Amino acid sequence: MSEGHDGEHVHPESGEELSVYARRAQAIEALMVEKGVCSTSEVDQMMNMVESRSPSDGAKVVAHAWSDPEFKARLLADPRSALTEIGYSLPDTTPHLAVVENTEQVHHMVVCTLCSCYPRALLGRPPDWYKSFAYRSRAVVDPRGVMREFGLELADSVEVQVLDSTADLRYLVLPRRPAGTENLSEAELAKLVSRDCMIGVTDPHVPEGVAAS
Amino acid sequence: MRVDSPSHHYRTPTYIQGKTGVVVAICGRYRNPESLGHGGDGMPEQLLYRVSFAQNSVWDRYRGPSGDKILVDIYEHWLDPVGV
Amino acid sequence: MPKPHDMGGEPNDEPIDQSDHQKMDWEMRADALHQVLGQKGIRRTDEMRRSMESLDPDLYRSLSYYERWTAALELLMVEKGYLTSDEIDRKVTQLDQGAN
Numbered sequence: 002m003s004e005g006h007d008g009e010h011v012h013p014e015s016g017e018e019l020s021v022y023a024r025r026a027q028a029i030e031a032l033m034v035e036k037g038v039c040s041t042s043e044v045d046q047m048m049n050m051v052e053s054r055s056p057s058d059g060a061k062v063v064a065h066a067w068s069d070p071e072f073k074a075r076l077l078a079d080p081r082s083a084l085t086e087i088g089y090s091l092p093d094t095t096p097h098l099a100v101v102e103n104t105e106q107v108h109h110m111v112v113c114t115l116c117s118c119y120p121r122a123l124l125g126r127p128p129d130w131y132k133s134f135a136y137r138s139r140a141v142v143d144p145r146g147v148m149r150e151f152g153l154e155l156a157d158s159v160e161v162q163v164l165d166s167t168a169d170l171r172y173l174v175l176p177r178r179p180a181g182t183e184n185l186s187e188a189e190l191a192k193l194v195s196r197d198c199m200i201g202v203t204d205p206h207v208p209e210g211v212a213a214s
Numbered sequence: 020m021r022v023d024s025p026s027h028h029y030r031t032p033t034y035i036q037g038k039t040g041v042v043v044a045i046c047g048r049y050r051n052p053e054s055l056g057h058g059g060d061g062m063p064e065q066l067l068y069r070v071s072f073a074q075n076s077v078w079d080r081y082r083g084p085s086g087d088k089i090l091v092d093i094y095e096h097w098l099d100p101v102g103v
Numbered sequence: 003m004p005k006p007h008d009m010g011g012e013p014n015d016e017p018i019d020q021s022d023h024q025k026m027d028w029e030m031r032a033d034a035l036h037q038v039l040g041q042k043g044i045r046r047t048d049e050m051r052r053s054m055e056s057l058d059p060d061l062y063r064s065l066s067y068y069e070r071w072t073a074a075l076e077l078l079m080v081e082k083g084y085l086t087s088d089e090i091d092r093k094v095t096q097l098d099q100g101a102n
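Residue numbers (the numbering used here), protein chains in the order written: chain A, 2 to 214; chain B, 20 to 103; chain C, 3 to 102.
Any given hint could be a false lead.
Each computed DMTMM-like pair below joins lysine to aspartate or glutamate, with the alpha-carbon atoms no more than 25 Å apart [what the hints assert, rightly or not]:
#  : chain 1 : residue 1 : chain 2 : residue 2
1  : B       : K38       : C       : E55
2  : C       : K5        : B       : D99
3  : C       : K82       : B       : D99
4  : A       : K73       : A       : E35
5  : A       : K192      : A       : D58
6  : A       : K36       : C       : D98
7  : A       : K61       : A       : E189
8  : A       : K73       : A       : E160
9  : C       : K5        : B       : E53
10 : A       : K61       : A       : D79
11 : C       : K25       : A       : D45
12 : A       : K192      : A       : E18
13 : C       : K82       : B       : E64
14 : C       : K25       : A       : E18
15 : C       : K42       : B       : E53
16 : C       : K82       : B       : D60
17 : C       : K42       : A       : E189
18 : A       : K36       : C       : E76
19 : C       : K93       : A       : E43
20 : B       : K38       : C       : D22
21 : A       : K61       : C       : D22
22 : C       : K5        : C       : E89
23 : C       : K82       : C       : E55
24 : A       : K36       : C       : D27
25 : C       : K42       : A       : D93
26 : C       : K93       : A       : E18
27 : C       : K93       : A       : D45
28 : C       : K5        : C       : E76
29 : A       : K73       : A       : D93
30 : C       : K25       : A       : D58
31 : C       : K42       : A       : D157
32 : C       : K42       : A       : E18
33 : A       : K36       : C       : D91
Computed footprint of chain A on chain C; a stretch qualifies when at least three of its residues, placed anywhere within it, have a C-beta under 8 Å from a C-beta of chain A [what the hints assert, rightly or not]:
#  : stretch
34 : 5-11
35 : 25-38
36 : 68-78
The hints are simulated quantities; they were obtained by calculation from the structure and are not laboratory data.
It should be emphasised that the depicted structure is a prediction, and the values quoted were computed from it without experimental measurement.
We put the beta carbon where it would ideally sit given N, CA and C, even for glycine.
Chain A with its partners taken away, still in its complex shape:
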């Protein structure tokens, strides 16, 4: 097993040899169940719930906001309540979701330098790179360099705003709707919205032939 400067391990393929901490995690779960603090089925159900959230949920929200300007306004003002309109119910406990909109003048990029807070309620689990030491250290000081690695080059006239989720808010970026997509349905629009553009490291990409001219 080895490491990486960012501390992410390469795991053995067989899964037979678990690291010290992996075995401790299993022991902790077993003990918590034995002591009646939680049950195995609660953990199973939570696993299913976590697995059920993915970036396609965020993409649906973005596509709906693109298609309905009044919904978009409500989403930006009060995400939790706007999301109930389309069937997403977020808990009212912290952390809370905030939505920031990219415009022609401003592009947002989200990071959590202190740990790796992420809008899991809409996007599911964060990608490994988001949790990496490289991203957490570079995103704040060299956002344009990071975006370049993801294939996005922004003009100097566009203001880049990096958001560091240091407290109780989790940020979702509402990317700009690509030009030439006026005739696409919401479902088609949702396909253009990748996880990475809702984090803000890239923009939606319109494949050739998809947009009507």
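Given chain A, work out where chains B and C should sit, using these hints.
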């Protein structure tokens, strides 16, 4: 309103300590994380501000345009007002 | 001197590795356990952060994401009196033996 982030407080990243920024939003009232972190009830709630800093005032080595910003969510008790 | 978790702007020239590793079963269960304990109020986000931030810096840097969480969770559960490290040690041994 300009605010200054004076010394190291819980969850205030080192890179903005001592820097001056501008409040761009009030994010709401939340329980005090220092108290919550130690098993307390976090009361009374504190105002959470979104504070914007010019990147080139935060980093000597920032290479992007002067309009670029970094925004950090900071609790009111970790901020000092500076002038108007 | 910032603690190890406070890494915004730290010198780092590494390109971002954009690959995603396949989550192992234990990681997904650990993640779910954390969420369950969170819902029950047994481990609060700010407590976990504090625990994470108190990890030995070398350990912090060397562990993978879920391993760090596990180390921090152990510290917190012991501190709160839910578990002892000895119990965890014994259970690890028991599980190892059971697996053979």
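Here is how each hint holds up against the structure:
{"no.": "1", "hint": "B:K38 <-> C:E55", "verdict": "holds (23 Å)"}
{"no.": "2", "hint": "C:K5 <-> B:D99", "verdict": "holds (23 Å)"}
{"no.": "3", "hint": "C:K82 <-> B:D99", "verdict": "violated (35 Å)"}
{"no.": "4", "hint": "A:K73 <-> A:E35", "verdict": "violated (47 Å)"}
{"no.": "5", "hint": "A:K192 <-> A:D58", "verdict": "holds (11 Å)"}
{"no.": "6", "hint": "A:K36 <-> C:D98", "verdict": "holds (20 Å)"}
{"no.": "7", "hint": "A:K61 <-> A:E189", "verdict": "holds (10 Å)"}
{"no.": "8", "hint": "A:K73 <-> A:E160", "verdict": "holds (22 Å)"}
{"no.": "9", "hint": "C:K5 <-> B:E53", "verdict": "holds (16 Å)"}
{"no.": "10", "hint": "A:K61 <-> A:D79", "verdict": "holds (17 Å)"}
{"no.": "11", "hint": "C:K25 <-> A:D45", "verdict": "holds (15 Å)"}
{"no.": "12", "hint": "A:K192 <-> A:E18", "verdict": "violated (39 Å)"}
{"no.": "13", "hint": "C:K82 <-> B:E64", "verdict": "holds (24 Å)"}
{"no.": "14", "hint": "C:K25 <-> A:E18", "verdict": "holds (15 Å)"}
{"no.": "15", "hint": "C:K42 <-> B:E53", "verdict": "holds (20 Å)"}
{"no.": "16", "hint": "C:K82 <-> B:D60", "verdict": "holds (15 Å)"}
{"no.": "17", "hint": "C:K42 <-> A:E189", "verdict": "violated (39 Å)"}
{"no.": "18", "hint": "A:K36 <-> C:E76", "verdict": "holds (15 Å)"}
{"no.": "19", "hint": "C:K93 <-> A:E43", "verdict": "holds (21 Å)"}
{"no.": "20", "hint": "B:K38 <-> C:D22", "verdict": "violated (36 Å)"}
{"no.": "21", "hint": "A:K61 <-> C:D22", "verdict": "holds (23 Å)"}
{"no.": "22", "hint": "C:K5 <-> C:E89", "verdict": "violated (30 Å)"}
{"no.": "23", "hint": "C:K82 <-> C:E55", "verdict": "holds (17 Å)"}
{"no.": "24", "hint": "A:K36 <-> C:D27", "verdict": "holds (23 Å)"}
{"no.": "25", "hint": "C:K42 <-> A:D93", "verdict": "holds (15 Å)"}
{"no.": "26", "hint": "C:K93 <-> A:E18", "verdict": "holds (17 Å)"}
{"no.": "27", "hint": "C:K93 <-> A:D45", "verdict": "holds (20 Å)"}
{"no.": "28", "hint": "C:K5 <-> C:E76", "verdict": "holds (20 Å)"}
{"no.": "29", "hint": "A:K73 <-> A:D93", "verdict": "holds (21 Å)"}
{"no.": "30", "hint": "C:K25 <-> A:D58", "verdict": "holds (20 Å)"}
{"no.": "31", "hint": "C:K42 <-> A:D157", "verdict": "violated (48 Å)"}
{"no.": "32", "hint": "C:K42 <-> A:E18", "verdict": "violated (31 Å)"}
{"no.": "33", "hint": "A:K36 <-> C:D91", "verdict": "holds (16 Å)"}
{"no.": "34", "hint": "5-11", "verdict": "holds (count 5)"}
{"no.": "35", "hint": "25-38", "verdict": "holds (count 13)"}
{"no.": "36", "hint": "68-78", "verdict": "holds (count 7)"}
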